[in-house]
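The listed protein sequences correspond, in order, to chains A and B.
If you read the first sequence in the working numbering, its first letter stands for residue -14, the second for the next number, and so on.
If you read the second sequence in the working numbering, its first letter stands for residue 49, the second for the next number, and so on.
Hints are all accurate, no fakes.
Quick list of simulated restraints, FRET-style, between CB atoms:
no. : chain 1 : residue 1 : chain 2 : residue 2 : range
1   : A       : R73       : B       : Q175      : 45 to 55 angstroms
2   : B       : N50       : A       : G42       : 24 to 34 angstroms
3   : A       : A83       : B       : F123      : 15 to 25 angstroms
4   : B       : A190      : A       : G(-11)    : 27 to 37 angstroms
5   : A       : E(-9)     : B       : A65       : 13 to 23 angstroms
6   : A       : R73       : B       : L153      : 41 to 51 angstroms
7   : A       : I56       : B       : G51       : 28 to 38 angstroms
8   : A       : G42       : B       : L182      : 13 to 23 angstroms
9   : B       : A190      : A       : S77       : 38 to 48 angstroms
10  : B       : E100      : A       : G42       : 16 to 26 angstroms
11  : A       : E84       : B       : G51       : 45 to 55 angstroms
Simulated from the structure, these hints should not be mistaken for lab results.
The C-beta atom is built at its ideal place from N, Cα and C for all residues, glycine as well.
These are the residues of each chain, in order.
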Amino acid sequence: MKPGLEHILFISSALFFIGVYGFFTRRNLITMLMSIELILNSVNLNFIAFNKYLWPGKMDGLFFTVFIIAIAAAEAAVAIAIIINLFRSHHSIDVENAEELKY
Amino acid sequence: MNGSTIIFYLLAALTLACGVLSVSTRQIFRAAIYLLFSLIGIAGIYFWLQYEFIAAVQIVVYAGGIAVLIIFSIFLTQQAGEKLPKQKIERKTFSALAVFCAFALVMLQVYQHKFPASVAGASPSVQVIGRQMLNVKESGYALPFEVISMLLLAAMVGCIVIALRNKKEIEPQRHQDTERHIEIQ
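Could you put together the complete structure from these sequences and hints?
Take a look at the structure:
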């Protein structure tokens, strides 16, 4: 069976929910960040698949993917700076110990 | 079943298997490596779809940038060889259940929906992509491009400010150290 749009949608939604599962179960900030990266990647895959199979003449999905990748890079950099700063002051990167971020 | 189909299924299996391992392994360094392979698998799927530009961006930014950033932050924050603590079994079961139900619901919707006859078009060349990205006329993406560049600059400055070690924190420590030194002497 030749792979089509449905197959790619299956991969991307499976990847999305794998990321959500990781986000629910993990309690370490870096692994939670990795789950978020998986979620963002599944969204990118979705944009590309719809662009390729449903609107082949246009490139909007492609540009959205490029911008999402740029934003994900910025987000990962800021998150890791916060995590390292938190580790310096608390010697732990567990979310249960990060309650003080609220105040 | 031709070669292209087999390659697609191999890439899909690589991506999903590495994704599952990445969220389930208890060694954080292995989780980062599995994440790296999952990202490479997605880049392979982009290559399979003949979006070579996006695949190259994916490899450069994700596999080359973010994965290395995550690995370095693991080195900075984690003790070597230390495993993550075990999670409660209830939390695992309930999140797996919730995630599985949501996945089933989404896939049901996808398979019931009749997509318009999908014709895989030719992939755009890099020249066309560049021309539309920096176009200021209709359907050009020059404004988002500039906004993203400002965002990247702001994120860079923010990272430096956040991760900067506070001078006042260091100096009292040094002071204490010298005091201790004097006491010892």
